[in-house]
Structures are given as structure tokens and as C-alpha cells.
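Make a model of the complete structure from these sequences and hints.
Residue numbers (the working numbering), protein chains in the order written: chain A, 1 to 467; chain B, 1001 to 1204.
Hints are computed from structural coordinates only; laboratory data are not their basis. Hints are all accurate, no fakes.
Between beta-carbon pairs, the in silico distance windows are: (1) I1053(B) with P308(A): 30 to 36 Å; (2) A1065(B) with D269(A): 53 to 59 Å; (3) T176(A) with H1007(B): 55 to 61 Å; (4) L1172(B) with L46(A): 19 to 25 Å.
Yeah, the Cβ is synthetic: ideal placement off N, Cα and C, and Gly gets one too.
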Amino acid sequence: MNKTMYEKIWDSHLVHEPEGGTPLLYVDRQLMHEVTSPQAFEGMKLKNRKIRNPHSVLATMDHCVPTTKAGRAVLVDPIAKKQIETMAANCEEHGLNLYDMENPNNGVIHIVVPEHGFVHPGMVACCGDSHTATHGAFGALAFGIGTSEVEHVMATQTLQQKKSKTMLVKVDGKLTKFATAKDIALAVIGKIGTAGGTGYVIEFAGEAVRNLTMEGRMTLCNMAIEGGARAGLIAPDQTTFDYLEGKEFAPKGDDWDAAVTYWKSLVSDEGATFDAVVELDAAEIAPQVTWGTSPEQVINVNAPIPGPDDFDDKIKKQAAESALKYMGLEAGQSLTDVKLDIIFIGSCTNGRIEDFRAAAELLKGKKVAPGIQAIAVPGSYLVKNQAEAEGLDKIFVEAGWEWREPSCSMCLAMNGDQLAPGQRSASTSNRNFEGRQGKGGRTHLLSPAMAAAASVAGTFVDIRDWD
Amino acid sequence: MQPYKKHTSIAALMDRSNVDTDQIIPKQFLKKVERTGFGIHLFHDWRFLDDGITPNPDFELNNPAFKGAKILVAGDNFGCGSSREHAPWAIEDYGFNTVISTSFADIFFSNCFKNGIIPIKVTPAELDSLMDEIRANEGVEFTVDLEAEKLTTPGGIVIKIEVDAFRKQSLLEGLDDIAWSLKHEDKITAFEEKHKQQLPWLWK
Ligand code: SF4
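Structure (C-alpha cells):
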């Protein structure tokens, strides 16, 4: 039978399939951060259980971590401090590899894991974090789980999992100069809706996807969850192998050759059937900006902001109405007339080196508009150091940006970086839910280049006709 | 986890779609290292006025008729967003053990079962009729009988609860998933041995 990549990975990890019960799936890698793990460790302790494979875990601290050197030296938020200390103590007790705040490898979990080649094609990887989907960029089945499941993986190295349906999202043709992986992600979500992928694992394919760098593929898979999907997948190819080769946790020597042969066998068979197929033409994808409070409320930057009348569906009408109200916008308004307060480049969606390069290119020799606060938060210390080696930090700082230390930061505003009520941001993160970046804050999602241009103009810009 | 018993309780109405986990439990409350005590923060940003203390009189769950509700009836796509299990912890701690919607986000859906909550999927027409019944009679009590896989209302609505046999059993008995999986430890070990031979580099 012709199998999809998802089915191949699934079959090769099936430990047990009880009759009438939920299959038990083997987990190769578990990723951890400080917010969703403490209660799992607590559960382990109460039952006196041991972590089955400590070497399968990589942990970091990212959500509560401040983005200033002073803030990191003295954690003023006592609860964040407790969470961070608990994480350190738990990792120490169980002998886990932790990139704590002082570690040169520290950063956002979904940025640091690939940097060290910890997840490979064909693996099953989990984390108590929905954006685990990021690692699907390597052709690994990677998905978010709840804290009870984190504990389950710790104790058993398996998960009770239901098999998902498969969806092929095919993006053929070539992207135009100013459209990026982020724009593909937003365009896909705009098309299928935030519940469109519910119950599915999405495989992204097509010329435009093949042409993406690993960074771009990670951005795309990262947002599969915003389309409701369990995971995103991209077939491994030479781009994947080149990225992994030589990384700390990548196979070495003879193992490397055996691994590459194995990885090549994972791609979906010719003629394999998917439960759903969605097609997009890359050439038609314009720079995207969200206007509402759900990632599916997204438009081309040059399109007018829609209103309830633009939707036939009752629920979408209602959602548009409340989103416009919350966002302080009007139907028909142009995005280029909307005034911004804060610009944020960072997060596990767009906090990689390529994102800062793209932004720096637009910022060179320009200045941030008056009244705008612009914050650049590299996804990890490796990204930060690389950017500094290339002189990107200077470009940002000379343009009037703040160049910060790695963290999730404004992506979810748990570390003190946040919007005040009514403030409006242009953000390269992944969620524009009400209050995501601070209570009453208004978030517009876009690509790093679009965010950079917005910082200079003080409003949204169609970068296709900008100089 | 408490065994899930048949119950007749007030059904609270929340006619909003795409209720996301950031609304269910805003992130400023995620810093605790315990599992309990999240109920007082459920729907915080909607539930309280800007001072963070005064109940918002316009928020559905502050309606006195819904006091003590164990059943939450909500719009489409409930629980989307993050994987935080704090969301079902907060829902459970507040007092709900049943959530009804036309669809649920995947991770939220499976998190519910781990915390003694049944997420019941209904058709849009069924949801409309349940909502209408609550609107017409605020404080109305529905009956959830998991054993019989049935939800019934005084208005005569009967809805079949679709739940797989394993999850049903775990809920009814309040079973620990890990203990169940560990019963198959020999299979896990055998799988691991085979996997190690195929992909030895995963252990280096
Ligand atoms: S950057 Fe944002 S989405 Fe990514 S792990 Fe951190 S909080 Fe989650």
C-alpha cells in the first residue's frame, strides 16, 4: 500500500494497539519548558516514578525569562522565580539536559532544539507546548501535549494516541520577492480557518515549500497548530540533511549515512492518498496581516479590512463584529491608515537568524517613526550571537530598535514585556487572541520584513512598493 | 481523578465561538507550580472588570441563574490555542465536569478526559436547541449519564454522547492512564530493543 509520511512514522512507532482502546505510540524525544512541566514532575514524585529515558529530554527556560540583562540577573516576579527554580531543581534531580538562563545555548524551546539537531526526520517528538509542530519541518511527527501527557511520556516513553487524518497542503509556484513562509502560513490559515485542520496532520508540499530554507519551513510548520492541525510535516530532503549535518545531536560517521538512507525512505509514496487536499498558488500570496482576534482573520496588506457583511456564515459575522470592536477598527478601513504603538520581532515563529536578516535589510539607514517602541528579541543566544557577528544588532539599534536577550517575550507576555490596554502591535508571533500580548492589547500578525517596515512608517506598509 | 458519576445539574450558556485557552485561563495565572486553585481565575479577563476583582455583570457565568452549574454549553471550536492543561484544570476547579460544543481543539479535547471532564460534541442544530432551552429557562438542569451515553433535558432533548470505550471506562472508574500504559511495559521494552537496533544513533 502507498503510505503518506505520517502513516510511515505512525506505523514505525506503534508499540501496542489494544482492541477497542487507544493505541500506544513510542516517543523518541521530549522537549520541556518551565510552564507546563512542574505539575508533571510533581505527579512523578507523588507516585515515586522515574523518567524512563532521561537522554530523550531537552529542557530550556523561555516563557517567564526577562529580556534584559538586569531582569535576568534578579527575577523580580516571585512566582516566575519559583517556576524557574523549580525547573532547575527538577532537571537536576532527574539528570536532564537543561539550557538554563545562564547557559550559552539558552533560548525558546522550538528555536534551540533544531539548533542542536535534537529532533531528526522520522522521530516522534512531544512537548507540553502547542508549537511543537515546528519540528515537523524536519519530517518528524511533533506535536503539543498537555501536562498529564508530559508525565505519561516521562514515565512510559509512550503516549496514548488516536491516529489523525491526513491533509496535503500543496503550495505550487514561486513566492514573490516580499512574501515569506509566514505569509504562506497565514494565507493557509485564512483559507482553511483555525478549525480547518482539526483532526488532521498536515503535510506541506509543492515547489514553494521545497524552496524554503529550514528556517522558513519551521515558521510554516510552527503555525500548523493555528490552522487547528495536530502537527505539520515537510518531507526531509537535501536542505534538511545539510542543516542537520554536524549538529551536536545529529548522527555521526557511519550512522550519518545510515540515517540519511532511512530518512529518504520516509517521504510520502507516489500515489499515497490524503483525506483532504488544499492547493495554493505561491505567486498569488501577498504579504499578509491579521486584522482580528483570530489568525484566520487575515488579509492581504493592500485589501480593505472586512466587516460582518463580508461573511455569509453567522458565526463568522459575529466573530468579525466582536473582533473589530476589540481591535478598535472599522470595516473598509485601510491597514496603511492604522497607527501602531509597538513592533515586536521574535518568538518561535520568527525569531531565527533569517528573520533578523530580512528585517535588517529593510531597516538599514532608516529610523523608527516617532512614538513607536520597537523590540527585537532573538529566539536564542546562538541567534543573538550570530546576528551580532553579522552586525545586524547595530542596524537595529541605529534604527532605534531595542536589541534584547532571548525569551518568548511579547509572544505571550508572561515575562513583563507586554502591551498596555488599547495599545496596538505589529508582531511576528503566532497568536492574536484577545489579551495574548497583555489585557486589552491589540495584536496584528505579520512577517519580519513587514514588521520592520511598519516600525519605520508607524503604520502598515505594502513592502512590495516601498523603497 | 474522581470517577464520573451520572448527574443532573444546571447548564450555563456561553454563546461565544472560538473560546481560546488564553481566555479560559489568561497566562498571568500560569506561573503556579501546583495543579489546583486555578478555578478562581477561570475566564478572568471576561469575568472581572478592569480592577480584576469586581465581577463583570455582563459576563455570562456571573448570571446568578448559572451559579453552581456543572455543565457548560459553548459555541463552536471551544478550547483552541495553547496546549496548557491549566485550561481544563481551571474549568474543573471552577466546578464544571461537562463542556458541550460543536467542536473542540484536539489537545484541549484530550486534556479534558485526563481531568474528569467530558467534552460532548453535538451538531450545530443540537447546539442551537440546547442554547434555546437554556435561554427560555435560565437555570434549567440537564442530565448527563455517561454509562448510558446520553444527555437529556427537561425540554425533551436527547443527545447521544460519543466517547470511545477506553476513555469512557477511565472516566467512570477515575483510572490513571500511566498505570494502564505501564501494564504494557514488556511491550514498550520489546519495542525499544527493536528500535535501538534500527536506529542506534538515537541512543548515542
Ligand atoms: S515563543 Fe510564543 S509560541 Fe513559541 S514557545 Fe514561546 S510562548 Fe509559545
